[in-house]
Amino acid sequence: MTVLGSATAMTLCERMRRVAAIAATHADAVDTAARFPREAVDAMRQERLLGCQIPVELGGDGASVAEISELCTILGQACSAAAMVFAMHQIKVSSLVSHGEGDDWHRGFMARVAGEQLLLASATTEGGIGGNLRNSICAIEVDGDTCRLQKDATVISYGTEADAILITSRAHPAAASSDQVMTVFLKDQYTLERTHVWDTLGMRGTCSDGFLFKGEAPAKQILPRPFAEIAAQSMLAHSHILWSAVWYGIAADAFVKAQAFVRAAARRSPDQVPPGALRVAEASALLQGVKASIVAAIEKYDAARLDEDKLSAMSFAVAMNNLKIASSQTILSIINHCMLICGILAYKNGTPFSLGRHLRDAHSAQLMISNDRILGNTSTMLLVHKQDTSLYG
Amino acid sequence: MPIIEDVRKIIASHGKLPVDVATLADDADLYAAGLSSFASVQLMLALEERFDIEFPETMLNRKTFSSIGAISSAVAELAPGEQVA
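Residue numbers (this note's numbering), protein chains in the order written: chain A, 1 to 393; chain B, 1 to 85.
Derived by calculation from the structure, the hints in this document are not laboratory data. Being a predicted model, the structure only gives us computed values, none of them experimental. The C-beta atom is built at its ideal place from N, Cα and C for all residues, glycine as well. Where hints are given, some of them may not hold.
[What the hints assert, rightly or not] Derived DSBU-like pairs (lysine-lysine); straight-line CA-CA distance at most 30 angstroms: (1) A:310 - B:63; (2) A:220 - A:187; (3) B:63 - A:348; (4) A:348 - A:291; (5) A:300 - B:63; (6) A:300 - B:9; (7) B:63 - A:220; (8) A:187 - B:16.
[What the hints assert, rightly or not] Here are some of the chain B residues that sit facing chain A, going by a computed Cβ distance under 7 angstroms: (9) 49; (10) 53; (11) 61.
Same shape as in the complex, but just chain A (with noise of 0.2 angstroms):
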């Protein structure tokens, strides 16, 4: 824990323990109901978590990406869903962090996001674009002071609870659908009208609800970068380590069950091997794998954002691609495996070593841009970008 070994680093985790015990007696609770985990989101507030990645001179902590990282597998041992709204608050900070600081309204709304613990939502999708969110359809319009938007979002994850929403679109009407920007609206500057209900196998407390959005705001709350640089050298990286990270926390907490789960038995007859022991044994080491590439990909992208090019270079972006695809995978091959060491236990609801709930919130983990999606993008990458196969290159 070298990255993490500071005093802040600590506390931070300490409240975020603190956030994951209450979040744990509501889990099963948020998922039956396909609520929004409002008791996680509330302490989270309580320990002032929502502004931990936001400079200390705006009122934060100036949590690193390590850090933030850490949290959400503290919190995704204990509530998927909780732990993804976290993640995706924390994906939509750091664009503000890491685009906005240089821009006074943008500062002043950081300062407000850690100030009142606001809570930031994305709305990225549109109807129409096949899940490209690098393309828009529906796009900003600036007249005089004030900007205008519409957006037919079909999926805004737990809209109706934001403080504020980011959301892209073209950059003007007569912009091509990768000319886009993002824009800041608060929760009073917008209304939302629900078209989908998130109704899902897994995931289902990220209430994750399509709606027409329409807002209104003062032109100055657009991010002054284009999105398609936020979406490069923030986005991308934020996305696929955090998300991987409350993955991550998922899977460990069903190789825990499984590994209390065998040492009970071996307890029980200490001179045999409990059948489920070879299978603890390899869950260990494809979890260890999953966990050394969240680290390498935090490493590459700390090495990274001190240069431009570095972070739009192709390397890069494969390597992102390549940790969402690897964990996104292995987890679920890792909750599989705990299941069969635990058996009807893990599938059977409401004992201790349950896992369906795990189980069926790992499978989103694949869709949630789409694996095949990222595939594709990859593939074309490597027609001309040359894999590094050194081993610390």
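Using the hints, position chain B against chain A.
Relative to chain A, chain B alone:
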């Protein structure tokens, strides 16, 4: 033929831009003109084939392909025998 003319031709056939390449200045932002990341890779492949070059890893970024002028300079760097304009 000068590099920049070839680059314009290759963008016209592989860039999949929603606008006519002839209307774009040498320093116009190709991404703002609608160049997608997929099309930029096809563009790279076509340029590699035409000039018999290979873009090194350090050039595989957004900046290299941001304008007709930037692409031409990159090609000129890799194919010193060719004339830029």
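A quick look at each hint next to the structure:
1. A:310 - B:63: holds, 11 angstroms
2. A:220 - A:187: holds, 16 angstroms
3. B:63 - A:348: Given pair residue 63 of chain B, residue 348 of chain A is violated - Cα atoms ~54 angstroms apart, limit 30 angstroms.
4. A:348 - A:291: This hinted pair holds, its Cα atoms lying about 28 angstroms apart.
5. A:300 - B:63: holds, 20 angstroms
6. A:300 - B:9: violated, 37 angstroms
7. B:63 - A:220: Within the cut-off at roughly 27 angstroms; holds.
8. A:187 - B:16: The hint is violated at about 39 angstroms.
9. 49: violated, 11 angstroms
10. 53: violated, 11 angstroms
11. 61: holds, 4 angstroms
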